[in-house]
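Participant: So the chains spell out like this:
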Amino acid sequence: MFGKKRVAVIGAGMTLFRRTLKETGKELAWEASKMALDQAGLELKDIDSVVMGTAPDAFDGVHMKGEYLADGSGAYRKPYSRVFVGGGTGVFAVDAGWWHIASGQFDTCLVVGEEKMSSCYPHPAYAFTTIFDPIYARPLGVTLIWIFALEMHRYMHVHGIKKEDIALVSVKNKRNALDHPCAQLGANITVEDVLNSEMLCYPVQRLDISPTSDGAAALVLASEDVAKKVTDNPVWIDGVGWCIDSTFWTNRDLYYPRYVQCAAQMAYKMAGIKNPPKEIDVAEVYDPFDYKELHHMEGLMLARKGQAPRLTAEGVTQRDGDLPINPSGGLLGVGNPIAAAGIMKCCEIFWQLRGEAGKRQVKGDPRTGLAQAWGDLMQYGSVVIMRS
Amino acid sequence: MATEKIQDVRRMTHWPGHMETDYIYTLGIAGERFFKEIKENGKIPGAKCKRCGQIFVPPRLYCEKCFDKLTDWVNVGTKGKVYTFTIAYIDIKGARLKEPTIYALIKFDGTVGGLVHKLGEVDICDLRVGLPVEAVFKPQPERTANINDIKYFKPVK
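First to last, the protein sequences are chains A and B. Residue numbers for the first sequence follow numbering that gives the first Met the number 0, so the first one is 0 and each next one is one higher. Residue numbers for the second sequence follow numbering that gives the first Met the number 0, so the first one is 0 and each next one is one higher.
The hints are simulated quantities; they were obtained by calculation from the structure and are not laboratory data. Here the structure is a predicted model, which means the values were calculated and not measured. Some hints could be false.
Result set (DSSO-like, lysine-lysine): computed pairs, CA atoms no more than 27 Å apart in a straight line [stated by the list, open to error]:
no., chain 1, residue 1, chain 2, residue 2
1, B, K42, A, K268
2, A, K162, B, K97
3, B, K92, A, K162
4, A, K304, B, K64
5, A, K358, B, K4
6, B, K42, B, K156
7, B, K4, A, K21
8, A, K162, B, K117
9, B, K80, A, K162
10, A, K162, A, K304
11, A, K273, A, K228
12, B, K106, B, K42
13, B, K156, B, K106
Make a model of the complete structure from these sequences and hints.
Facilitator: Have a look at this one:
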């Protein structure tokens, strides 16, 4: 066992993910938190500590968003901290929740992720323009999409991958999302729909990208002593990992996410996993763009370099395949309120391992699941491994 | 929830806000020297780490791996190769551009990193990863020590 105490997930909750929700960010955080507490059978008074994950302040439009969201996250007069590693925030918040309890300092921790991107008007994409280096990148008019386009193109070039191979991911995830009650963009689309959608920055087209969203999600973590008192089927956090690569994205091998590999190796070692594709039963892999699911499967060593498109084409990653990837519908289908989306992935693994995923339940009896997110300026990896 | 299909936040009861603040960014120790070299001499320098031997472009004050101060500056020339590229059809606010803009990551032989910049004087049909390109500088009197002192990179004839 790593740390002083084994850590369990005992409850999960999330709001609808939508382009625009009426609720304020605080109200969204409260709704998800309350739902997670209800599932755990706990009250706020039972919570010892709170970790809030939320991405750039510029989305909600409130500087010091961690403070702003504290009450909705159940932090009133409690040890509270906000964590933020860009898109990796949601899964990293669970990593941080883990060490709150594993350290022996707390017996319970409420982990909450929130994003209200609709406040940034007319489009939250504009808030991304100030995340880049002000001297070397921003004077060129850099946008988030063309940075991804450069990476996607490099990945396609190195392995000889075609757009139609990548589009299959978008088709799969949007179809999976039809079975998710909170999903924003569940749909039956075809590869042709993706290939015919608006060209934004070659090779990135409209249907390659997840939407911007409002939403929140939460998990309740507990030490083994508390978990065994309140539930018969806790889900254990057996591996955590996180890593950052060079902050100069020009210094990285764009075709392969080394930072995800490092984070995964840390988590696999902790969980005693030697052969990831054989030992992982279900995975929620970060998919803000369709190619990123493939890219990240390779970084997680769930597929060999350049082989994730083949597994996808063969149906291995479908919900009824041998290695289901993003049975929730992922960010492409459920939506992408940044930090909340990462926690949504952890919620999905929790529900899958408890057999509570309803129409989304993967076949067999999944015992080991993985959630991963990716963030900062394309170089941060965060991983959680859970077992039932 | 009644709000679930609303796309435009202005259709809800709301209060408009504004969070804009202005900034002045210093170029930094390494950046100032880098852009001075571009402005005054039309050269692209890199900084070499004496411990690991890597040459960083753009030059840095320190090596991110060894954490040593970089004092050894070398000229890396003005020619590089396209490592990857994109053709942007939208601007930073998401509006369609009248003419698409080509952006590329350009790597210089024997160095780590590279420059992201525009490509010019290039036919889209000729675009490919690996294309040799060279920097086209603005005329010297027009240069003001920033990344746009390089107008763009063009294919090497």
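Participant: Each hint needs a verdict: does it hold in this structure or not?
Facilitator: Against the structure, the hints:
At roughly 47 Å between alpha-carbon atoms, B:K42 and A:K268 are farther apart than 27 Å, so this suggested pair is violated. Between the alpha carbons of A:K162 and B:K97 the distance comes to roughly 25 Å, so the proposed pair stays at or under 27 Å and holds. Under the criterion of a C-alpha separation no larger than 27 Å, the hint pairing B:K92 with A:K162 is consistent with the structure, at around 26 Å. Between A:K304 and B:K64 the CA atoms are separated by roughly 25 Å; this keeps the pair inside 27 Å, and the hint holds.
Using a Cα cut-off of 27 Å, the hinted pair A:K358 and B:K4 holds, with the two alpha carbons roughly 23 Å apart. Among the hinted pairs, B:K42 with B:K156 is consistent with the structure: their alpha-carbon atoms are about 19 Å apart, no more than 27 Å. Of the pairs offered as hints, the one joining B:K4 and A:K21 holds, with about 11 Å between alpha carbons and a cut-off of 27 Å not exceeded. With a CA separation close to 24 Å, the supplied pair A:K162 and B:K117 stays within the 27 Å bound.
Under the criterion of a C-alpha separation no larger than 27 Å, the hint pairing B:K80 with A:K162 is consistent with the structure, at around 24 Å. Between A:K162 and A:K304 the CA atoms are separated by roughly 17 Å; this keeps the pair inside 27 Å, and the hint holds. Proposed proximity of A:K273 and A:K228 is contradicted: the alpha carbons are some 32 Å apart, above 27 Å. Between the alpha carbons of B:K106 and B:K42 the distance comes to roughly 15 Å, so the proposed pair stays at or under 27 Å and holds.
For the suggested pair B:K156 and B:K106, the alpha carbons sit about 18 Å apart, so the restraint of at most 27 Å is met.
Figure legend: structure checked against the earlier numbered hints; hints not met, in rising order: 1 and 11.
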